[in-house]
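Based on these hints, arrange chain Y on the given structure of chain S.
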Amino acid sequence: MTVRSLPAPGWLTGLGRRLSGGASSRWFPYLLVLPLVLVLWGYVVQPMFATFAESVSADGTENYLQFLNSSGVARQSLLTSLFISAGSVLLCGTVGVSMAFLLKRFTFRGRRLLEAFILVPAALPPLIGAVSFQLLYSNIGILPRGLQALFGTDKPVLAFDGIAGVLVVHTFTMYPFFYLAAAAALAGMDPSVEEAAYNLGAGRVRVWRTVMLPMLTPALVSASLLVFMTSLASYTAPLLFNVSQTMTMQIYINRTNGDLPMASAYASVLGIVSIIFLLSMRWYEGRRSYQSQSKGISATRREINNPIGRWLAPLASVLATIVLLAPVATIALVAFSENRSWTTQVLPTTYTLDNFVTIFSDPKAFQPILNSVQMSLIAVVGCVGIGVLIAYAVRRLRFVGRGLLDVAVMIAWALPGTVVAINLISAFSTGNAFSLGQVLVGTFWILPLAYFVRFLPIVFRSSSAALALIDPSLEEAARNLGASWARAFGSVTLRLMLPGVLAGGLLAFVHGVGEFVASVLIYTSSTVPISVAINNRMYSFELGTAAAYGMLQVLLIFVVMWFSGRLESSRTATRKAVQWTN
Amino acid sequence: MRRPWVMAIALGAMLAATAGCGSSDDSDTGSSANPSAEKFVIYSARDKAVTDYVVEQFTSKNPEYKGKVEVLNMGAQEVLERVRAEKANPQASVWWGGTQQGLATAATENLLEAWQPSFAGKMDARYKDAQGRWHGEILLPEVIMYNNKALSPEEAPKDWDDLVDPKWKDKIIIRDVAASGTMRSIYSSMIQRLSADGSNPQPGYDWLRKLDTNTVEYAANPADLYLKMSREQGVLSAWNLQDVLLQADKKMPFGYVMPASGAPVLVDGVAAVKGGNTAAAQKFLEFLFDDSLRATLAKDYFQIPAVEISEKPEWLANLGLKPMDVDWDVIGKNETAWINHWNAEIKDKG
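If you're matching them up, the sequences are chains S and Y in order.
Under full-length UniProt numbering, think of the first position of the first sequence as 1, with each following residue one higher.
Under full-length UniProt numbering, think of the first position of the second sequence as 1, with each following residue one higher.
Hints may be right or wrong, so weigh each one.
The calculated lysine-lysine pairs, modelled on DSSO-like cross-linking and capped at a C-alpha distance of 27 Å, are [stated by the list, open to error]:
1. Y:LYS48 x S:LYS364
2. Y:LYS299 x Y:LYS274
3. S:LYS155 x Y:LYS210
4. Y:LYS48 x Y:LYS312
5. Y:LYS283 x Y:LYS48
6. Y:LYS66 x Y:LYS299
7. Y:LYS349 x S:LYS364
8. Y:LYS39 x S:LYS364
9. Y:LYS250 x Y:LYS322
10. S:LYS364 x Y:LYS250
11. Y:LYS167 x Y:LYS349
12. S:LYS155 x Y:LYS149
13. Y:LYS210 x Y:LYS322
14. Y:LYS251 x Y:LYS158
15. S:LYS364 x Y:LYS283
16. Y:LYS299 x S:LYS155
17. Y:LYS66 x S:LYS364
Keep in mind that the hints were calculated from the coordinates and are not lab data.
Keep in mind the model is a prediction, meaning the values are calculated, not measured.
If we strip away everything but chain S, and leave its shape as in the complex, we get:
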């Protein structure tokens, strides 16, 4: 499908050449970039302004003044959201970094087991993830009820509710951001620096403070901002643990109350806060300073010699693995339980295959799965077509406004799903030029469009990263040998980028299949995606069927991720090929 997107630039180059002397003309970048700018303006930036216009339509700045009112729910929600995000950063940081240290710097029995499953929580889609945590750790959850039965207390033990519950969900699902960042930083760190510090007589704490921490700082800062932004956008966790005073919940509540301007004001404020965090992240990434100068030395792992540690380590690994797999296991368990059979018992008592039979035998029940796959694929095709070209333009072309283009893509990434949906509703509830004069709300196309806006940055980032590894002289050589820009781009650059692009596309697909937050606001009866089907089944109290959908969703995601993992190995092959051609 990447191939199919080629005729457009080819046609453009033709036009460009006729205008002013081929793709080397200084007008060429603008011709290539113009349609990209239009897409970003039409579907990302302009809808944002539409929401803002909606928020001031009824009574001017009145809605925004509520954020300054110290007793009001608006300011309280903003503060609660920020507090939850800060708490999530702290907890995810602690868990993620210690996991990275444990797994990358030490060797112990059970390490491989733990390492194999460490990223499983990251694959949980938002809705089913939050549901599984509710069924596990909340007041009605399996663990607190199990402990209650075990100790014979009259209240569930260790039950997480409210903000604590939200923090648990966030910690479990977002620590991989920290883990991945810290693990990568540790892998790239030269151990001789640390050893030198020890040899010079520094104590452990001092080495940590003056050597390790500064080296880890860039990784930690970008992971922090990532977790912060993701927590800010989180909707399902506050929904299920009933923390109504958060920004995302207030957007929803105000919409159901019929106060659209206020909902839009919340959306605008949330969007602005997220964009500020995005910009500070980019600013920080631009000025990171600590880097190890030597290369080619891999860090060594230490054995755990402490006898107690040697015994505890395998035990702890197994325990941690169980915790990591528990959410998926819970969903599986409930998926096989009979609807409505589970009341006060710790675990469901009656089991059946009916839930899966329903989904596979009733075409209506199976439709959500087809819908999700179809809409995600359409979005991915769009993301790949546009994302690759934007990455190419930002990395390889020189033109005025390059930085702005870069920021515009990433804005889509900073915007919470709820805000993306609200923006699209505000922009396309009447026809405009970007929807070809059609009303998009209530049609099939609004969902793929939302997925496209939300996941374009994923493809952009991975394409951009792939492009960074490719020597521009390869394309130049092709051009010098007489190939047109389109041919050089298609047969050299794009081919070398392809594994990275596909990895990004698959990731975008995975996110599309799991999407709930934006979908729930804009789905129609004929475009119900899996997550909304889960939500609706839960609404009808068919917990087992909901979990069965969840199980299929998780399976679908795992299969695609596994596929993507296979691809990763061929990406290293490409890297080798690139080195070889150098």
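The following block gives chain Y in isolation, referenced to the frame of chain S:
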């Protein structure tokens, strides 16, 4: 290098395949034998068991609509929000199940089609819109619901005011109010019964604050309410009689109390959405008021019909319904402001 290309092609083929599925569905509807029977969508706040049953009855009687009726089940207030958002491009044809306040709001916002169905003549004027934009379908008494495994009928509270007794602290689960037509009606009634003309909501607010103190948690949707009630996180709630009886009928451990001072009786109605498939909507609504269907729904799905039926089922005859004297016009005027205030100033603060 070869593998990625293969994958790209595979992905493309997959897309083509699923897109094929989608388009073949479309052509099915397009090339149907009876062009008059076009697909229509129902937004419903009724229990899924009810909608499934009625739609099945409807399509067996009108086979041209087989596979052409789509139902989305959601909260009554969410139906209003959706119909409002889709004003420029209406998706639903039938709005099935909404509070009279919600339907009246939609009617004044010009979202509903005015028509005169055949059943309107038999209906009490209190239960329908004067211009025929909505019609009452059932009467929903709002009652106290309790977990009958955890509490005996004697232990259960007898009246609304018993719910704010400190002995029930952390025993009450409430379906989160804003999105639920039922809960909005109950909370508004609680305010209105303490201020007949609605001019001074403060005593009602104070009462609701005490209720908030006793509320251990708010449930995100009805299923969450049933789950939390059945797992005994809380043992009391306020909910509509039909849903309590439906769940109890499905072996859930729920019982109800008819409050001593009376139950607010809500008129729950139906409407044809403006700009939808009006012909199909009217056909469906006429079918919905069919006498024998009314009787079955009353008997098996615990509905109290707004139009008298000849033969009352046993549970209805023995119900002992005691309506609370509620002025729904006052509530209609104030509900949004009251619920917004509750949401901002009372929820989770008691």
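Consistency of the hints with the structure:
Under the criterion of a C-alpha separation no larger than 27 Å, the hint pairing LYS48 of chain Y with LYS364 of chain S is consistent with the structure, at around 14 Å. For a cut-off of 27 Å, the pair hint linking LYS299 of chain Y to LYS274 of chain Y is broken: about 32 Å separates their Cα positions. Distance restraint check for LYS155 of chain S and LYS210 of chain Y: the Cα-Cα separation of roughly 23 Å lies within the 27 Å cut-off, and the hinted pair is therefore satisfied. Annotation: proposed proximity of LYS48 of chain Y to LYS312 of chain Y holds, straight-line Cα distance about 23 Å (limit 27 Å).
About 21 Å separates the Cα atoms of LYS283 of chain Y and LYS48 of chain Y, which keeps this hinted pair within 27 Å; it holds. Taking the CA atoms of LYS66 of chain Y and LYS299 of chain Y, the gap is near 26 Å; set against the 27 Å cutoff, the hint holds. Restraint check for LYS349 of chain Y and LYS364 of chain S: not satisfied, since their Cα atoms lie roughly 43 Å apart, outside the 27 Å limit. Note on LYS39 of chain Y and LYS364 of chain S: the hinted pairing holds, with a Cα-Cα distance of about 15 Å set against a maximum of 27 Å.
Using a Cα cut-off of 27 Å, the hinted pair LYS250 of chain Y and LYS322 of chain Y holds, with the two alpha carbons roughly 26 Å apart. The straight-line distance between the Cα atoms of LYS364 of chain S and LYS250 of chain Y is roughly 24 Å, inside the 27 Å bound, and the hint therefore holds. Taking the CA atoms of LYS167 of chain Y and LYS349 of chain Y, the gap is near 18 Å; set against the 27 Å cutoff, the hint holds. Restraint check: the Cα-Cα separation between LYS155 of chain S and LYS149 of chain Y comes to about 17 Å, which is no more than 27 Å; the hinted pair holds.
Between LYS210 of chain Y and LYS322 of chain Y the alpha-carbon distance is near 25 Å, which keeps this suggested pair within the 27 Å criterion. Using a Cα cut-off of 27 Å, the hinted pair LYS251 of chain Y and LYS158 of chain Y holds, with the two alpha carbons roughly 23 Å apart. At roughly 23 Å between alpha-carbon atoms, LYS364 of chain S and LYS283 of chain Y fall within 27 Å of each other, so this suggested pair holds. The hinted pair formed by LYS299 of chain Y and LYS155 of chain S fails the criterion: a straight-line CA distance of about 39 Å is larger than 27 Å.
Taking the CA atoms of LYS66 of chain Y and LYS364 of chain S, the gap is about 13 Å. The hint holds against a cut of 27 Å.
Hints 2, 7 and 16 from the list above are not met by this structure, while the remaining hints are.
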